[in-house]
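K.L.:
First to last, the sequence lines map onto chains A and B.
Quick note on this note's numbering: the first sequence kicks off at 753 and runs consecutively.
Quick note on this note's numbering: the second sequence kicks off at 590 and runs consecutively.
It is worth saying that the hints were derived from the structure and are not from the lab.
Because the structure is a prediction, the values reported are computed rather than measured.
Each hint should be verified, as a subset may be incorrect.
Said to hold, decoys possible - Below, a list of computed lysine-lysine pairs in the DSSO-like style, where the Cα atoms sit at most 27 Å apart: (1) A:K950 <-> B:K696; (2) B:K748 <-> A:K821; (3) B:K696 <-> A:K960; (4) B:K681 <-> A:K950; (5) B:K714 <-> A:K960; (6) A:K878 <-> A:K863.
Said to hold, decoys possible - Now the stretches of chain B that chain A is said to cover, found in silico as 3 or more residues with beta-carbon under 8 Å: (7) 693 to 699; (8) 720 to 731; (9) 763 to 770; (10) 781 to 795.
Unchecked claim - With beta-carbon atoms standing in for the labels, derived distance ranges: (11) B:G647 <-> A:K851: 24 to 30 Å; (12) A:K821 <-> B:A711: 17 to 23 Å; (13) A:T966 <-> B:P798: 22 to 28 Å; (14) B:K789 <-> A:G880: 54 to 60 Å; (15) A:K894 <-> B:K704: 47 to 53 Å; (16) A:S898 <-> B:A723: 34 to 40 Å; (17) A:A965 <-> B:K671: 38 to 44 Å; (18) B:N774 <-> A:K894: 51 to 57 Å; (19) B:D716 <-> A:E890: 35 to 41 Å; (20) B:G678 <-> A:K894: 30 to 36 Å.
Quick reminder that beta carbons are idealized off the backbone N, C-alpha and C, glycines included.
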Amino acid sequence: MAPQNEANAFSRVAKDPVSRRKFFALGGGSVAATAFLAACGSDDDMTTTMGSAGGSGGTEPVIEEEFGKGDVGILNYALTLEYLETAFYADVVKSGLFKGSDLATMKKFGKEEAEHVSALTAFVKKLGGKPAPVPKTEFPLKSAKSVLELAGTVENLGAAAYLGQAANIESPAVLAPALSIHSVEGRHSAALNTLLGKPITPDGAFAKPADAATVLESVEPFIVT
Amino acid sequence: MRNEDLAQPQLADVQIDADGGDLSRSEVILKGALAAGAVYGAMSVAPFVSRALAMSGGGDVGILNFALTLEYLESSFYREAKRRAGASGDLKSLIDLVARDEDEHVKALTATIEKLGGKPVAEPKFDFPYGNTAEFLELAQTFEDTGVSAYNGAAPQIKSKEVLGAAGSIVQVEARHAAAIRLQNEAEPSPEAFDPTLSKPQVLKAVEPFIE
């Protein structure tokens, strides 16, 4: 596909009824409902299951090792992901692969990620912690279509990452803003999935969480050491 | 109160003060929610839902029953929309998808409340004032955004980690619905970097006008 055609992939995908058809494919509802019930089981018999379905309370070892203990560690983990997203959108905007309303969307999402960075940084300091360093990043920006795919992957992963920490956060004062960010990542994901012709709720009626080990492994290719 | 009074601006005005400067209250600082409250404040909370919820139990069961009430509303709204919204094509498919998700939420919340030894609230009768597809979409956007804000507002009070994780997995789906509906309205899928939160009384005041 010629680059000049790809330049407009963002809006083209959105307008193309054929590629949007899959968008409405549905996840397995009854399976999801069962997962929800499992997640809502009584405290004593479900603790092990919950470890993989939304956190069991307490910080994951990988977060504690790399980002610190407790809520500060979780916030620094989130901050690192937000740094990644912010850098990604900044690179995308600079790449010249998008124009017009597509570019505006990338800028808008990038600006929101940058606001998440500011808020999380302030929060870490407020709690007496030291904000995580800005990672050096590199993203493959080959074509508008592949960038759009990557944006979808990154956002859906980000949403799952926040969901994975919700139950591990100790302080309600930290949980409230984390949730406010979480749902925005969900919104970004659905918007990008729509443009990609993918289901807006790929997990069905109940979104699935991702633990930090999985998330960090997925973003490792974009971090330059 | 009719749907136009619940139009998006009130919610859009709700912001978290996150410029990094003053997070002294260490959480969301609501601005517009209070404005929204002032708008709705003129009305007294209609008794039906408030009374039902007051008797529905406290703690997590109470929060789950509050969530169930909202899911009843959404579920009923989209079920009706299948025959009333005049939708076709992509929008019709979206309505089918959202309707199915909301039904799943109702079933799961009901079962969870029972599992926790509580009694699920009864489903109220609703009245949705719209006459065409555009009005339907406007109302849908308000409901989805309100749903996100309601879950986000209630979740920090949830005691059980299991229930919290599950509520989180629902709110993300509501946020995804909200974004998709907003795209149908050619509105920003994520108007703010931080979704606003609404308190239970604010949410109840917002939805009371749709309960018969």
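K.L.:
Which hint numbers doesn't this structure obey?
P.N.:
Hint check: 5, 8, 11, 12, 13, 14, 18, 19 fail, others pass.
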